[in-house]
Amino acid sequence: MRLRYPGSIRIVRVPCTGKVDIIHILRAFEKGADGVYVVGCMEGDCRFNRGNLRARKRVEEARRILEIIGIEGDRVRMFNLSSGEGPKFAQYAVEMTEKIQSLGPNPIRAKARRKAA
Amino acid sequence: MIVAERKPIEEIIEEAKGFDRILVAGCNECVTVCEAGGKKEVGVLASALRMYFMNQGREVKVDEVTLERQCDHEYLEEIRNIIDNYDAVISLACGVGVQFMAEKYFHKPILPGVNTVFMGATEERGVWSERCQGCGKCILAKTGGICPVSRCAKRLFNGPCGGSSQGKCEISDELPCAWQLIVDRLKELGRLDEYEEIMPIKDWSTDRAGGPRKVVREDVRQ
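As given, the protein sequences belong to chains A and B, one line each in that order. Numbering follows the working numbering, in which position 2 of the first sequence is assigned residue number 2; successive positions increment by one, without gaps. Numbering follows the working numbering, in which position 30 of the second sequence is assigned residue number 30; successive positions increment by one, without gaps.
Source of the hints: derived by calculation from the structure; they are not laboratory data. Be careful, since some hints might not be right.
[What the hints assert, rightly or not] Here are the computed lysine-lysine pairs in the PhoX-like style, where the Cα-Cα straight-line distance is at most 25 Å:
hint, chain 1, residue 1, chain 2, residue 2
1, B, Lys137, B, Lys202
2, B, Lys154, B, Lys202
3, B, Lys17, B, Lys39
4, B, Lys202, B, Lys142
5, B, Lys7, A, Lys57
6, A, Lys31, B, Lys137
7, A, Lys111, A, Lys88
8, A, Lys31, B, Lys40
9, B, Lys104, A, Lys57
10, B, Lys61, B, Lys7
11, B, Lys187, B, Lys214
12, B, Lys61, B, Lys39
13, A, Lys57, A, Lys31
14, B, Lys108, B, Lys39
15, A, Lys111, B, Lys61
16, A, Lys111, A, Lys99
17, B, Lys187, B, Lys142
18, B, Lys202, B, Lys214
19, B, Lys17, A, Lys111
20, B, Lys187, A, Lys31
21, A, Lys19, B, Lys39
22, B, Lys137, B, Lys17
23, B, Lys104, B, Lys7
24, B, Lys17, B, Lys154
25, A, Lys57, B, Lys39
26, A, Lys19, B, Lys40
27, A, Lys19, A, Lys31
28, B, Lys108, B, Lys7
29, B, Lys108, B, Lys154
30, B, Lys154, B, Lys142
31, A, Lys99, A, Lys88
32, B, Lys142, A, Lys31
33, A, Lys19, A, Lys111
[Stated by the list, open to error] A partial selection of chain A residues facing chain B, derived with a Cβ cut-off under 10 Å:
hint, residue
34, Met1
35, Leu3
36, Gly51
37, Arg56
38, Glu60
39, Arg64
40, Leu66
Ideal Cβ positions, reconstructed from N, Cα and C, are used throughout, including at glycine.
Based on the sequences and whatever the hints tell you, model everything.
Shown next, in the form of structure tokens:
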């Protein structure tokens, strides 16, 4: 399909989104990521039954924690698609990138940089 | 096990914001099982705190450690060499662990990271419910293995009160009447005659009413 999606995205492969834990999302922000989104299979279509449903709950929890500590919760999101939906994958990547660009850089990274300078 | 709940992060931040070097200490026992204060929760809380302080423009050192238990001297000793590197410890152990650590490290502020709620069981992942109040005189042999002290809202000993309706307690539609459970189980065991026996007044001196308790066993004492 040779689809294009923003080059600012780094893909971390996991065997199932059920593997993604809250700490993985938080660590990404701590290390300076501007946003994190989890792309799982369609709900009801999980090969491991409930992996993507677990992931959604963890994404919600990570979002709640980020809001508490002063980082916009919108920087983390869950998407669902089937493995055959390449165009949708690219579309979500663009959607998320635009959202993050409107929010600006990760506030803690910005502050750490200002401090270093 | 002892069941605890995570404290709101806002509350922990409020308690910890005056310190520059913080150790978040988890416990590998009960609080790990009830997902309130194990290694995973330590990681999440420490990460959240680091980001909070960074966002405030403050440089606060937040480190992580998880001990096998915080209610035993030998495991608490494991942090003796590092504790002076910190201004305060946030302990995610139950209230026992927090206090025992505070006793051992007398000059170090030890802050609780969880609310300890009861002694209970894991009904299913994410659902825990109370089973024991540690009254000090177990009567489960007479009540079909179901405890009226911890599971009856009124702690009744001789059958249900008038608030028992269709097997539920009057305080909540979701709460089973302990005495209904007891009668059902005694019936199943063919021991309903035990229900007829009048239970004498309970000696509550072994409960908390008699003040803080202590168990001393001379045969194992060193």
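Hint by hint, work out which the structure violates, then give me just those numbers in ascending order.
-> Violated: hints 6, 7, 9, 11, 20, 22, 24, 29, 32, 33, 34, 35, 36, 37, 38.
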